[in-house]
Each structure stands twice: as structure tokens, then as C-alpha cells.
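Asks: As they're listed, the protein sequences go chains A and B.
If you're matching positions, the first sequence starts at 1 in my numbering and goes up one per residue.
If you're matching positions, the second sequence starts at 1001 in my numbering and goes up one per residue.
Source of the hints: derived by calculation from the structure; they are not laboratory data.
It should be emphasised that the depicted structure is a prediction, and the values quoted were computed from it without experimental measurement.
We put the CB at the ideal spot given by N, CA and C, even for glycine.
Careful, some of the hints might be misleading.
[What the hints assert, rightly or not] Lysine-lysine pairs mimicking DSSO-like chemistry, simulated, CA-CA at most 30 Å apart: (1) A/LYS155 / A/LYS116; (2) B/LYS1179 / A/LYS181; (3) A/LYS181 / B/LYS1072.
[Stated by the list, open to error] To give an idea of the chain A side of the interface with chain B (calculated C-beta under 10 Å), a few residues: (4) GLU25; (5) LEU68; (6) TRP96; (7) ASP183.
[What the hints assert, rightly or not] What follows is a set of in silico ranges between Cβ atoms, one per label pair, in the way DEER data are often shown: (8) A/GLU139 / B/SER1177: 35 to 41 Å; (9) B/GLY1154 / A/SER48: 46 to 52 Å; (10) A/GLU139 / B/ASP1095: 42 to 48 Å; (11) B/THR1180 / A/ASP14: 40 to 46 Å; (12) A/ARG182 / B/ASP1095: 28 to 34 Å; (13) B/GLY1201 / A/VAL98: 52 to 58 Å; (14) B/SER1177 / A/GLN32: 31 to 37 Å; (15) A/ARG205 / B/ASP1095: 33 to 39 Å; (16) A/ARG203 / B/TYR1204: 26 to 32 Å; (17) B/TYR1204 / A/VAL100: 43 to 49 Å; (18) B/ASP1095 / A/SER151: 54 to 60 Å; (19) B/GLU1084 / A/GLU195: 36 to 42 Å; (20) B/ASP1142 / A/GLU157: 26 to 32 Å.
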Amino acid sequence: MDLETARSKSARTDRRTILHTALLERRAELRQGWLRLIPAECLESLDSAAESVASLLSGQDVFHDWTLAVAHHWLDCQAGLAECLLLIGMGQRIRWPVVVAPPPLSLAAFKKLSSKERVETLSLRYRCPLNIGGEGESEMAEELLRQLMVSDRVKLETEAEFDVDDILLKLNLVAVAAPFKRDLRFLDALNYFYELPHRALSRLRRNPRLLAGWLCLYAQLLCAPDWQR
Amino acid sequence: MRVAVISGSLATGIRIASEVERLPGVEVLIVDCNVRMRSPLFRWLRELALALKSFPWCGYARKLWSYRRSGKLVILDHTLNDSESLERLKSLECDIGLHAANVIYRQPTIDAFRLGILNAHIGILPEYRGRSVAEWSILYGDPTGVTVFFIDSGIDTGSRIILRERISPRDCRSVQSLKTMLFGFDAILYRQALAALASNGFRYTHNEISRGKRYYVMSKILSSSVENILKAGVP
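Start from the sequences and build out the full structure, keeping to the hints where you can.
Replies: Written out as C-alpha cells, the structure is:
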């Protein structure tokens, strides 16, 4: 359903249509405004990915359902996490080998990590970021959502110091997890951060790859169907 | 039963206390907290402004004087979780605290009350924990309402639920009016909860948190969708 159809249906109003219309309007806003978040010099630093990122963000409403690539398996990926996130964000078809899942991560231990240690741990465990969508990773996905929406958002809102990689990594992983969960809370964390003052968001440019990955994933999720239960 | 209303303003404290004291066998105190450690001047100017807004002057002054004279008005100069405040709370020897201040309670503060502190949460537990729960309930088409339960140090995870009241959004056409309406039920529902607790054979409902989710502050885009759902009167 495109934005115009959604708007005309919205006049007749049901919950699903109202929500869908709002998300498509946000997608249209992002299509117009993404260059303010990733300016030209930032885009250039993405090298060969720059064109695909620009094309996806400026392009039509599309959702490449990445949940289809995982079927209760743990996937391996030799490329870096940031590269994988960009690939998923740009909607590329992914075929990664299935491997034995590592032992579960202790949530209690994870909560005690410094931001630097957290980035290392997440980058290692979710080298293939699709693994965050697995059943066994639900608690970890929930914890990342909690951290973003409790402490991290306050840091950005109050202009306190924060670790750019840590927050962007969490935003990307929460975005990847969102369609697996079909849980609006995960999408809404992305909405919330996108709505933060521009001054706060511009600080995220320090990691253009993760920033571009997040915005591409977000752009796709806004077009995903069936967010309502 | 000795009950303390833990309030962030005298106006709120008096409003809730007036409702709860109608219950036979209940002695009510008001504990007025300096939630954000405001300066004395700012704190009392705020109190005055809230009093002028909330009550007919005469009735308010009479109530205030009556609580003050009978030693049932306790004014805390420090934050609620401060050790000095804690000692003061313990000395009151209350059975139950009623949450009406914008604070997060630490376990020692909760333990200062024999049975604990009650919270009138504007969502249905165990399904809707955390922030913006009225909005999330509307978005999902679930019932809105208020749950009165004994808090613990987690976010709406206290295991003892006393009552859950479904309250329809009715004529609310905005998120603000919905929340104001739900918050406005606190005094009545605290009274009903205390009555239930005092009744023979009362049993708690277990707050089975695995059946629900923790929600967070809602984005502007979803809040405006909720507003549109309310305006459209979508059932």
C-alpha cells in the first residue's frame, strides 16, 4: 500500500491503517531528509556502498524481509559486522553458512561491561547480525532495547558524553531484531532516536557506516507490513 | 490500618487523603516530599500555585490546618530515599504507603512500611509494564485501566496485585486527556484497594511478569497515531 492509498484509507480509519499511514509518512520524510543526517562527505566515506545507500534511502518504499534468511540457525559471516549491517540495510540477498551456535551470553555479566567492552562483545557475537533475531537471543535483544530506551536516550537528550559506536551498534541490532519479533517497541526505539534533536543525531556521524546501516534498516522497517498483532 | 500518602505536593496529598480517610478504621497521614530538591522558596511557591489550582481555598486551608494540628502532616526536607527521611518514615510506623510522588523507591524506603507501598499504575498488569502504557494499550486495541499493586524495586514487577480496573477511554480525544482521566482515579482506587485488603478472605492476584512486556516512552510518531485513533473513536 503506497502513501496515497494509505491516506485515503486512513480517512475511513482503523487502527492498522492509521499506524501504517504514519509510518509511510515518516518514510517519505526520511526520503526527503536523510542527507541532513548523512551529508555528502560522510556518504563519500562509505566508498562503494555510498551509491546503494543513497539509492535505498532516496528510493521507493521497500522492505526486503531479512527474517527469511534465518531459520532457527546460527549463521557465520567473515565480513565485519558493519559491512553485514550495511548489506542487510541495502536489502542485498544474503547467504551465510550455518555453524554451531556459541554458548549463551550471561546477561548479568553483559550488563556490567563498559561501553568499549560491550562493543567488542556485540561485534564478536553478532558478527552475523541476523543471529540477534534467534529465539535464544530474545533476552539479549530485550536488554539492548532497554539500554537504548532507558539510559542511552537520556545521554543524547541531555547532551552528555556517550559512546557513538555503542549506541549505533545497539540501534542496528535492535533494527535487525525488529521484524523477527514483529514487536512495535523495537521499531519505536528507532522512531524515538530519529526524532531526537538534530544536534544530538549529528554526533552519530562519527561512525558513518553504522549510521548509514541504521538509517537503511529503519527506512525498510517503516515499509514492513503487519506491525499490528 | 495506618496509611501514609507519599505525595509530591500538598494538594495531591490532601486530595488522596480526603478520599481514603472515608474508609472506617483507616488513619491517614500525608508525607510531603521535596522530590526534586527544590529550593524552599520555589518549593512553597509551587505548593501555593498547586493549591490555588486544585481546591476551593477554604476547604484546602481547613484540611491543611487539621492535618497539621493533628500531627498527620509530615514535611520532608530531603529526598525520600535519604537516610534522614528514611528514619522519619520508619518512625511513623505506617502499614501502607500510597505512591503519589514522582519518585523511584529504593528497597529500604519500601521496607519502611509494614506491608509496602501501593502504586496506582495507569495500565493493566501484568501485560503493560513501564512507560506510556495507556498509549500502548490504545495502539494495540487492548483495554485501558488502572492496576493497584504493591511495588518492589523493579519497574512494575511487584508480585502482589490488589485490583485491576478496566476504564474505557470514553470521550477522551487526546493522549493527555486519557492520561489525566486515568491518573484521576488514583484516590478512589486506593480507597477501594485498602477496603479490599481489609476484607475477609482477600487474596492477591499474582503479577506474572512473563505474561507481559516492559514498555518505554513512546515516540512522537506513534503518539500522534494514538491521538488519531482516539480522535477517530476507533473501538
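Asks: Which earlier hints can't be squared with this structure?
Replies: Going through the list in order, the structure violates hints 3, 5, 6, 10, 11, 12, 15, 16 and 18 and respects the others.
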